[in-house]
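Peer 1: In case you want the letters, here they are:
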Amino acid sequence: MADYKWPEEGKRSLIGKRISRIDGPLKVSGKAKYTFDINRPEMLFGKMLRSPYAHAKIKSIDTSAAEKMPGVKVVKKLLEVGAEIQYAGVDIVAVAAVDEPTAEDAIRAIKVEYEKLPHFVNEQDLDKVPADRRRPPTEDKKGEPDKALQEAEVLIEGVFGNEVITHCCLESHGLIAEWEDENNLLVHPSTQAVSRNGGEMARALGIPANNVRIKMDHVGGGFGSKFPIDPWGIEAARMSKTAGGKPVKMMLERDAELTVAGSRPSAFARVKVGATKDGKITVWHSESWGSGGLAGAGRPPYPYVFNFGIPHQYTKHHGIITNTAQQRAWRAPNHPQACLVTMSALEDLAAKLNMDPLDFFIQNIELTGIRANVYKDELLKAAEMIEWKKLWRPRGEGAVGSTKTVKRGLGLSLHTWGGGGHPSDCDLTIHPDGSVEAKLGSQDLGTGTRTVIQIVAAETLGLPMDTVKVHIGDNRLPFSDASGGSTTVGGISSSTRRAAVDALNTLFEKVAPAMNTTPDKLEAAGGKVQVIGNPSSSMTWKQACAKLGTQPITARGKQPAPGKETLTNAGVGGVQMADVSVDIETGIVKMNNFIAVQDCGLIIDLKTAESQVYGAMIMGVCFALYEERVMDSQTGRVLNPNMEFYKLAGLADIGNFKVHMVTGKGHDERGVIGLGEPPTVSPGAAISNAVANAIGVRVPTIPLTPDRVLAALEKKGGANAKI
Amino acid sequence: MSSSDERSDKPDNSGVSRRNFLKGTSVALTIPLVAKSERVVKAAGADVPILGPGKVNITLNLNGAPKPASVEPRVTLLDALRNDLDITGAKRVCDRATCGACTVIVDSKAVYACTMLAIEAQGKKIQTAEGLEQNGKLHPVQQAFWDNDAQQCGFCTPGFVMACKALLDKHPTPTPEQIELGTGGNLCRCGTYVGIKAAIAQASQQMRKTRPARLTRGGKSNG
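Residue numbers (our numbering), protein chains in the order written: chain A, 10 to 732; chain B, 7 to 229.
Just so you know, the hints here were simulated from the structure itself, not pulled from any lab data. Among the hints, a few may not be true.
To list a few chain B residues with every Cβ distance to chain A over 12 Å, as calculated [as the list claims (entries may be wrong)]:
no., residue
1, R45
2, A52
3, I56
4, N63
5, T65
6, E126
7, D175
Capping the alpha-carbon separation at 30 Å, the derived lysine-lysine pairs in DSS-like fashion look like this [to be verified]:
no., chain 1, residue 1, chain 2, residue 2
8, A, K599, B, K203
9, A, K77, A, K66
10, B, K61, A, K85
11, A, K616, A, K20
12, A, K40, B, K143
13, B, K215, A, K40
14, A, K40, A, K478
15, A, K40, B, K203
16, A, K399, B, K203
17, A, K224, A, K42
18, A, K40, B, K131
19, A, K667, B, K203
Now the in silico label distances, taken between C-beta atoms and shown as ranges [as the list claims (entries may be wrong)]:
no., chain 1, residue 1, chain 2, residue 2, range
20, A, D368, B, K115, 51 to 61 Å
21, B, A204, A, F317, 37 to 47 Å
22, B, D113, A, G673, 52 to 62 Å
Just so it is clear, CB atoms sit at the ideal spot from N, CA and C, and this is done for glycine as well.
Make a model of the complete structure from these sequences and hints.
Peer 2: Next comes the structure, spelled out in structure tokens:
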């Protein structure tokens, strides 16, 4: 039977090394073509008229002026008179015109009358949420939480949470749709789901799935928000049909991108946590709420990570319905919220116990379950990297280096995620001239998917990387699932490995007779096919492939592959520690140092893996310090659907970062595990804890903007602060 | 038709003081006359053509070559590059001078292409990320971005590359403060700033090696 398992350390020529991404030159030179960059002959520009009101009924729609405008090719009402709108930004009329200014003029010429209805958009204060905006609460109980609360020797109580944030992909959502003939549709979407989008579009249009071609080379950010083909994309395809098949480009404007194209739900919780006086956590009690739009929001997994072992637990959760566009998956759905609330409450508990949180977390680490030892090692490693024991001081005293007005603080957090490989098929072809192709209907979100495929194929075949051509981004290639939940690297590396092993074994069968040996005695290494243990008996790769005559070898590798070695796994830990300075006169928080220690099984490309962690931490700084979608209660609209007031961190805001990837024995043999989500989870908690440590008081909700920091300082509410 | 390349570096030789007076203070008034302009009005004592609202023919000096286009006067340089000339390295993200994804270099300065009209950009030397390679080789800034993985999705990358090039052209050995200012107009969503910092350090070293000595004398920047 073929041996698929990953090569051991010492036998790897590419896997685990720092390798530059193979599409780097295209990206740095501006030549990489993203969906937004594609211009097609006779292309029309699509635009959408969206509802300015959060809750309204349409009284009338007059599109006559727009229809008469020169250059306007399609005007399409998407809602009828009487239709009820449930959030600001709902699509009402679509237009397609010969150029963008004309399409914009056409939108401005459309007149819609609305009957405004009452809306609700701000869920931060649970007591002010009307009854009809609350979904039925869910409750969970373990042990005897009420009794344990009464018996707890030390107890803290607090409110913690985060605001809604938006994905703010730099390439907005959208696509270009064109009918190549009466029946066949070509679509260039900006997507995380190349292999799924064709079927989805076909269902919406009522045409066979084999009539829809999806192509995408590069995507400008997704982060969980770009799975669906989207209603505006479907309308672009319909308008293209109306316009005789001409391509219609429909990309969202920035304000629409931030309003309707995805958000992470808010999460707020009133928490009580109890412990023995020597610091053993005994009870968790939380009443939580949050909103991700019309469907409310599910309960994040409170108490995070420690839910495994805290003996007594009670959770109650309210999903709150708001007149806002629906949430979308956001890297590690629900985890950053659960982590923030849990790690903040536990840090407050450590402070009340007069314990160093590092000691407190390690003392309770068995409560995290099977990865307790990994967490412990990672906590100690991170503490060493940030010089925790040298710098940390009890809450409110200010860490080493504090001044009268600028207080320094340290905070920590830990996290988990699954990250097992998704379903993926790979066709790997070895040509008689020795060149190799790998084909997968996958997509590279900037995580390095192309590079990983090339590394795995080249490693398996003992070839230089550039011998392998990688084809992705086309739904006519073998199915590979959507990129979400850190599932891609495990999926595509497993299917590519199996395809390459099988193709290589077929090649061995062809060349073994000529080498007077049997296929099982052959190996491929260093650009040669050779007898195992006897490199002098060898052929060059080209000589070996020439034995194929005119017929290439193609092998299909599948993930999952029951009965074969498991090449991917799920379940990681990860620890982050933040070092901040807070100016207590201005409330401004500044990052000094930010440390991550992260495990993820076997790493294929160390360089792009580290980039994932750096990127996640920087996004986390944005989440912790800057980002919030601000809803206007009066108008029901997003007040900051732009990049001036929807704040992201810049290069100057991040401080110094260090990332340590945990590799080697105990990790590599687990197989490949995804990395997109786990390091995004902890930053909010680690930074909030660092700020609490610095200023001696918990800032209840993030982002930790100057106004929130100053308000917390003024209240001096400590763990008992109310929002 | 005049050659926009020749016009870019020289003030008008008409002797009219308007141009010298306004030189460097306004981009709007450096618009060269457009052929077939139908109307002219007097403004500040000079003849100023009225353009539009229909399309006008323009020529942009783009990456060293003249590129004709036909655009409405309200079209930005960014949209003219992307929609009319199919030069798409500069990206449209915020479209209002916040994020820097559209950064191009205009007459040696990093400029947001979303806030300059295409008609204003005539007569200026416009450089985009596509124009940095020489003899098929990446520019040191581009090479450094690749080597240091200063990119993930890559949508902000061409803008950052141009901002960093403009920074290093002006400050061959930038201080941390100059780096923060020089990149302060650009945002990345994937979080590639750690790589960008490393890329700037590498490119600075590389560019000083290949630069004529007089430009790096004493290793000091010109402020």
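Peer 1: Which earlier hints can't be squared with this structure?
Peer 2: Failing hints: none at all.
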